[in-house]
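Trainee: Read top to bottom, the protein sequences are chains A and B. First residue of the first sequence: 1, per this note's numbering; consecutive thereafter. First residue of the second sequence: 611, per this note's numbering; consecutive thereafter.
Do not take every clue at face value.
Here are the simulated lysine-lysine pairs, DSS-like style, with alpha carbons at most 25 angstroms apart [stated by the list, open to error]: (1) B:1078 x A:581; (2) A:430 x A:10; (3) B:668 x B:1045; (4) A:24 x A:2; (5) B:612 x B:993; (6) B:1174 x A:609; (7) A:435 x A:5; (8) A:564 x B:776; (9) A:609 x B:1191; (10) A:152 x A:80; (11) B:936 x B:1045; (12) B:1078 x A:609; (13) A:326 x A:430; (14) A:564 x B:1219; (15) A:277 x B:634; (16) A:32 x A:564; (17) B:1195 x B:1174; (18) B:642 x B:620; (19) B:634 x B:936; (20) B:620 x B:936; (21) B:1219 x A:585; (22) B:634 x A:468; (23) A:10 x A:163; (24) A:581 x B:1219; (25) A:195 x A:326; (26) A:581 x B:668; (27) A:609 x B:936; (28) A:581 x B:1174; (29) A:24 x A:433.
These aren't lab readings, by the way, just hints derived from the structure by calculation.
Below are the chains, spelled out letter by letter.
There are 2 protein chains.
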Amino acid sequence: MKSYKGIDYKNVELLDGFWLQSQKLNRDVTIKSVYEQFNATGRFDAFRCEWKEGMPNKPHIFWDSDVAKWIEGAAYIINKQPDRELESIIEDVIDCIERNQGEDGYFNIYFTVCEPENRFQNRLAHELYCCGHLIEAAVVYYEATGRDRFLKLMMKYADYVEKVFKIENSAEFSTPGHEEIELALIRLYECTGIKRYLELAKHFIDTRGQATSKEVIDEMNSIYSQDHIPCREQREAVGHAVRACYLYCAMADIAREYHDRELFEACDALIKNINYKRMYITGGIGSTFNNESFTVDYDLPNSISYAETCAAISLVMFATRMSQCKVSSLYADIAERALYNGVLSGLSLSGDSFFYENALEINLRDREPDRGRQHWPITQRVKVFSCSCCPPNINRFIASIGSLIYTYDEETVYINQFIANSAQLEMGGKRVKIKIQTEYPNDGQIRITACGMAGKRLAVRIPSWCEKYCVDSQYRIEDGYAYVDCGSDDFELSLSLDMTPRWVESNPHVWANAGLVALQKGPVVYCAEGVDNGEELWKIRVDINEPISQRVIVGFDAPALSTKGYCLQDCEDLYIPAGQKTEEKEITLIPYYAFANRGVSEMRVWMIKA
Amino acid sequence: MKSYKGIDYKNVELLDGFWLQSQKLNRDVTIKSVYEQFNATGRFDAFRCEWKEGMPNKPHIFWDSDVAKWIEGAAYIINKQPDRELESIIEDVIDCIERNQGEDGYFNIYFTVCEPENRFQNRLAHELYCCGHLIEAAVVYYEATGRDRFLKLMMKYADYVEKVFKIENSAEFSTPGHEEIELALIRLYECTGIKRYLELAKHFIDTRGQATSKEVIDEMNSIYSQDHIPCREQREAVGHAVRACYLYCAMADIAREYHDRELFEACDALIKNINYKRMYITGGIGSTFNNESFTVDYDLPNSISYAETCAAISLVMFATRMSQCKVSSLYADIAERALYNGVLSGLSLSGDSFFYENALEINLRDREPDRGRQHWPITQRVKVFSCSCCPPNINRFIASIGSLIYTYDEETVYINQFIANSAQLEMGGKRVKIKIQTEYPNDGQIRITACGMAGKRLAVRIPSWCEKYCVDSQYRIEDGYAYVDCGSDDFELSLSLDMTPRWVESNPHVWANAGLVALQKGPVVYCAEGVDNGEELWKIRVDINEPISQRVIVGFDAPALSTKGYCLQDCEDLYIPAGQKTEEKEITLIPYYAFANRGVSEMRVWMIKA
């Protein structure tokens, strides 16, 4: 089994364009806003491990991970641009960890101050999950600063985890209830070169779902944690969506590192199950609030969607890793779908507020009746959640977006995502520079410059949504990529993707979208909001044959579109002869990622066809 | 304020046709089946009042009413055709009541054997509700047999209720939590001529929703029981749907008896609120499982509909009483809608199984995912429920269906429902006979014979669904009725209603039905079932311009229809360009009342337009 290297954020500098703007907002607003909220809620203070019964801000079992993800995000930023304030905050946290870490290497806020006697007793208590995020943070902080204090503390912790879970097998459970440590250990291996960490990650993968696990397994909990069958036998994405994709990330990593075809086949089946049967058009996954989980094939309800922001992020992570296992545009297509829709919708345009779950429809009337315990996604973003995993996940995700763009082998550089950047890599001992200039996704023109690649190839993904495109050089299509031979060491290539907005419909099996269509422009999914179109959006009918034009909404910084549609006319009777008259109406659509930025309003992605 | 008399079941003999068949099934199967189930579950034995802690079949607070409704149904049957077996069962129950009734007149199984110290302490414990049903049963049994033992026992109970709730005002509450006694007291007055009973009913109406009520009122409970504002001020149908309509029945009765225009205006606003904003196309009311209640205007979800069978029955009762207050076809239209759809769907074609809630859509796939506490209507009828109010309500409703047909005053006989029958009445001292012959609703031909009506008028409702009709005599239309002068004492009239099936759509405010159409033939609503059309019914598209023809389904005794439609073709991708090809498909539709008689299957009333 072949594998492909990635070019990570360290060797990628973003250039002017969509994502540089996004990174600036992240650096200037989001990282600070999340810090302030976490500070105000005691998450940073908690690292002092001084909490006692009766004091405010009792630590939660996942607080280590909240701060760790924030540190990871801050470290990516520091990597590009030193920042004393961020570093000082992080150093304080490291001080705390150093002070409170056990002699054996163990560190966990909650179990240190609240239940010291219950260390590694409760599989669902997130200890290994927190450990994994701390490891990732330490790795990135080391890469950003060259200072290895945090890294060494976390290596000590990883050694302890190896002792408890692999050598002694002395914990009350064999594998984590919330996966994360597996992929973190692989990053630790990649950073340190110490293979034991990779092997420990593989150990967790190999052990998972085996009858030999010590934990008491009931069916609900084992499916919830992807522990129902061995990883290599898994073919359907089940359970908690974030846990699932974090696990699949590690499975893909292990498949790549060990050339483990069996594990790759499992990953490939899992990502195809998601892509063909269990993913919102936004790349959102996990259809239900109940256990934040995958449900059944084609179950994609809109107004009660869950589609957690973290889950969309985890899907991008999984898909990006799959691109390192096999060349297929399918994987990068999946990553792109989540990237421009279900991930970005998690963040307000102002950069300081967040969605945890991402509704695909907001029907304010439908929420009025008391239906018992019906759970509805919130309609407006907020600054922090009690379970606030998503905000720092956005921090680290956007700050490291450069890692998503490329993969390569000895012959070919694969361009998976169209993000304006300048990157460096070594190819067969030769230094190569590649530059991508584009306004994508607002525009389909992509200009690629490759220096030092004479005799090598560029392979540019042709997105599956794109029916017309133009490459200004000879090319052949394979696995969804346009392969172009670089004729010289100063090679230039232009790719033009037709970004004409187009209506799409769902697979007929998706009952929630029967009779409905959604608008996409390039990879960006659009939606209609009440603020532009009037409330009761279900009264609107769209004509998929009408032209679609650009529209400027004064004071709203998102590329809107408009088209001619129809609106039903009010009447008195409750039931009337079919075929009633409608009124022409201009319909305004905005990118899904930009919804809910102008006050409470209805929203629909899936519109009713005229 | 004018009022109109009804002709009740006693003076109406059904003739061959749809409802005589239904009454035969009720007499031969349903009444026996309900008896067997109630007997097996201890409901009849409970009247012995011998239950003690530790014994099986602890009485429920509503068991008196279950049996009382059954007795009422049996008594209607006995009225037409003496039946020793039924009478013997009823006499046994009366023996028990006589033996266990208090000296003061009180009788209630549950409070006698389980909580004797808590008599009239708990407003939500159904005592007055049970009392009301026992009174109705006693009235009808007296009318059927001429034997007044049961009637006298219940008059004694009614006297006691008057003492406690009106004279002494000594109970812990002022008005019942579950209305019913009000309309029962009015029936008792109509049977006995004792005006105190009518006045007691009026007292309950006048007292309801007054700040002077003693019961602790929280908003939820007061809306639930229509106790939030005085009856005369009520304009929106709220709370538990059956309670609501039982109350409105009594309000309409009091309005008619006292020529109380204020109370009539409330009733008129309430029934219009239901008709224009809160009623399923089937006449089902009460959209939600949560409190079995009305919700908000235009909230009519299909797959999680509640639409209790008893609620549809109560709506027919209310609408029929409104026809005695004012001439308007609106009321009889409402009754008809519920009658042929949401009431009848409560009973299996075999006559022995029942729906409590009536789904308007069954999507088996949508039920697969675990969504927490989502409540779904059951998909197949069952023989008995633990709260089994609906089965005996169907018994008494079908057995007394003759009461729905006519109203009259000194000049005019109004024909409100098209049920084949022969009826007698006195009009200005003259004996009049009217006969209706029809196969309605399977056919739109209605032949009316009026004997002894020379110089009087017939007024025949023209249903609001009917766009084309033919009356073979001179007529004028007023208030939705065709008025015809009877030229002789042997007058014949033919009415022909165009029963061409037609597609209807919902008021644009109804979000659940956006883009959807339903088929009606005459008053009968149709639906598609998976058993005829294949499952995944949401893949079907109907063309409302295609002709609709009759279809015979072998072995299934309901008048099916078929039309040409389309079905989406399966594909692999989850999201595809809009406007995919479809396959032509013959679509079979059956009457809604006949759904779920051929095993578990999907069902849709509201179909997606092509």
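Trainee: Would the pair residue 1078 of chain B and residue 609 of chain A pass a check requiring their Cα atoms to be no farther apart than 25 angstroms?
Mentor: violated, 32 angstroms
Trainee: CA of residue 581 of chain A to CA of residue 668 of chain B, is that 25 angstroms or under?
Mentor: violated, 59 angstroms
Trainee: Is it true that the CA of residue 430 of chain A sits at most 25 angstroms from the CA of residue 10 of chain A?
Mentor: Distance ~18 angstroms between residue 430 of chain A and residue 10 of chain A Cα, so the pair holds.
Trainee: Given the proposed pairing of residue 564 of chain A with residue 1219 of chain B, does the C-alpha separation stay at or below 25 angstroms?
Mentor: holds, 20 angstroms
Trainee: Assess, step by step, whether the Cα of residue 634 of chain B is no farther than 25 angstroms from the Cα of residue 468 of chain A, and give holds or violated.
Mentor: Distance of about 69 angstroms is beyond 25 angstroms: violated.
Trainee: Next pair to validate is residue 609 of chain A with residue 1191 of chain B; report whether the Cα-Cα distance is within 25 angstroms.
Mentor: This hinted pair holds, its Cα atoms lying about 15 angstroms apart.
Trainee: Hey, residue 581 of chain A versus residue 1219 of chain B, does the alpha-carbon distance stay inside 25 angstroms?
Mentor: Cα-Cα ~15 angstroms, so holds.
Trainee: Holds or violated: residue 24 of chain A and residue 2 of chain A, Cα atoms, limit 25 angstroms.
Mentor: Cα-Cα ~37 angstroms, so violated.
Trainee: Is it true that the CA of residue 1219 of chain B sits at most 25 angstroms from the CA of residue 585 of chain A?
Mentor: Satisfied, since the Cα-Cα distance of roughly 20 angstroms is no more than 25 angstroms.
Trainee: Measure nothing beyond the straight line between the CA atoms of residue 668 of chain B and residue 1045 of chain B; if it is 25 angstroms or shorter, mark the hint as holding.
Mentor: violated, 49 angstroms
Trainee: Would the pair residue 581 of chain A and residue 1174 of chain B pass a check requiring their Cα atoms to be no farther apart than 25 angstroms?
Mentor: holds, 24 angstroms
Trainee: Verify the proposed pairing of residue 564 of chain A with residue 776 of chain B, using a straight-line Cα cut of 25 angstroms.
Mentor: violated, 65 angstroms
Taken one by one, the earlier hints fail for this structure at numbers 3, 4, 5, 8, 12, 15, 16, 19, 22, 23, 26 and 27, listed in ascending order.
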